[in-house]
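K.L.:
Sequence:
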Amino acid sequence: MASIQLEKITFPLLRKTPRLRRYAAQPGLVLAWLVLLTVALWALFPGLFTHASPIEGVPGAQRLPPGGAYLLGTDQLGRDLYTRIVYGAAHSLSGAVVAVSLGLVLGSLLGLLAGAVGGKLDTVVMRSVDVLLAIPGLLLALSVIILLGFGNLNAAIAVGVTSVANFTRLVRAEVLRVRRSDYVEAAFGSGGTFFGVLWRHILPNSLTSVLAFAALQFGSAILALATLSFLGYGAPPPTPEWGLLIAEGRNYLATAWWLTTFPGLLVVAVVLATNRISQSIRRPTR
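Per the numbering used here, the very first residue in the sequence shown carries number 164; after that it's consecutive.
It should be emphasised that the hints constitute simulated quantities derived from the structure, not laboratory data. As the structure is a prediction and not an experimental result, all values here were calculated from the model. Please note that the accuracy of each hint is not assured.
As the list claims (entries may be wrong) - Computed Cβ-Cβ distance ranges for the label pairs, DEER-style:
1. 283 - 427: 44 to 50 angstroms
2. 353 - 189: 38 to 44 angstroms
3. 413 - 301: 14 to 20 angstroms
4. 282 - 316: 32 to 38 angstroms
5. 372 - 311: 26 to 32 angstroms
6. 442 - 313: 31 to 37 angstroms
7. 222 - 314: 29 to 35 angstroms
8. 356 - 413: 54 to 60 angstroms
9. 228 - 362: 54 to 60 angstroms
10. 399 - 212: 23 to 29 angstroms
11. 222 - 297: 51 to 57 angstroms
12. 400 - 343: 49 to 55 angstroms
13. 194 - 222: 37 to 43 angstroms
Even glycine gets a Cβ: it sits at the ideal position worked out from N, Cα and C.
Work the whole structure out from these sequences, hints included.
P.N.:
Put into structure tokens, the structure is as follows:
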């Protein structure tokens, strides 16, 4: 009797909400959301997590190891590494949002038109997609940056351009799949207009795979932006961008391993978190 009463007191919320039970049974998914939530809070409210300056260093505090007053140590100029990582979240996440939004909007529009209209438009769009997919993503991004110029925003646009072809191909495939459904044929048969059926029936039922892919691309965009910054094509110094932090610390691997290890681990954690969330969107737990 005591155990039954304890269960009623302790777990009433889990018993009433199946979604919470599903999340409780997937600790990896919960951890992934916690990682992204923490990084998002860093990006939105960095001053709540640290009061140090991400730009100005402290004289005499160069390359101090983790611990004490400096949780993750300091860099070659005496700047707190933890503070620079926290403030760098805004640059990395905002760049990833721009890149994914650009690829999602342009790719969805092209894929929707190609799949719904068909004909010559479909042929032209898909042949253009094949050409873009034949070019390595990093090479295409570098080409766009050379045209636009260096900087975090231009790097984000370049990464977004590289994802347009993938979004286009996916959305087109989903539109073709949904278009053959009975309820779409019934909507056309009952007098529905082309754009009305497209907006009310085809587009909503094509979103699940697209959203899962967008979550996957978010992690890929963060990794691509970090790569471009590492190569010197992204945010300029002294911007506390994660890829730039790794680039600045690579010359001190023998004496200050933490300068590359902690930013690198954070990039890996965020990418893995987005991959796990993408899997949960694509294959929801029942």
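K.L.:
Look at each hint and say if it fits the structure.
P.N.:
Tested hints:
Separation of residue 283 from residue 427 is about 47 angstroms and conforms to the stated range, judged on CB atoms against 44 to 50 angstroms. Distance hint check: the CB atoms of residue 353 and residue 189 are about 41 angstroms apart, consistent with the given range 38 to 44 angstroms. Taken as a hint, the range 14 to 20 angstroms holds for the pair residue 413 and residue 301, whose Cβ atoms sit roughly 18 angstroms apart. The beta-carbon spacing between residue 282 and residue 316, approximately 37 angstroms, falls within the hinted interval of 32 to 38 angstroms.
Taking 26 to 32 angstroms as the suggested C-beta distance range, the pair residue 372 and residue 311 conforms, at roughly 31 angstroms. Remark: the range hint 31 to 37 angstroms for residue 442 to residue 313 is upheld by a beta-carbon distance near 35 angstroms. Distance hint for residue 222 and residue 314: a CB-CB separation of about 30 angstroms, consistent with the stated range 29 to 35 angstroms. In this structure, residue 356 and residue 413 meet the distance hint of 54 to 60 angstroms, their C-beta atoms being roughly 58 angstroms apart.
Restraint check, residue 228 to residue 362: a C-beta distance of roughly 58 angstroms satisfies the suggested window 54 to 60 angstroms. Roughly 24 angstroms separates the CB atoms of residue 399 and residue 212, a value that falls within the hinted 23 to 29 angstroms. As the Cβ distance of residue 222 to residue 297 is approximately 53 angstroms, the hint placing it in 51 to 57 angstroms holds. Taken as a hint, the range 49 to 55 angstroms holds for the pair residue 400 and residue 343, whose Cβ atoms sit roughly 54 angstroms apart.
Between residue 194 and residue 222 the Cβ separation comes to about 39 angstroms, which falls inside the hinted range of 37 to 43 angstroms.
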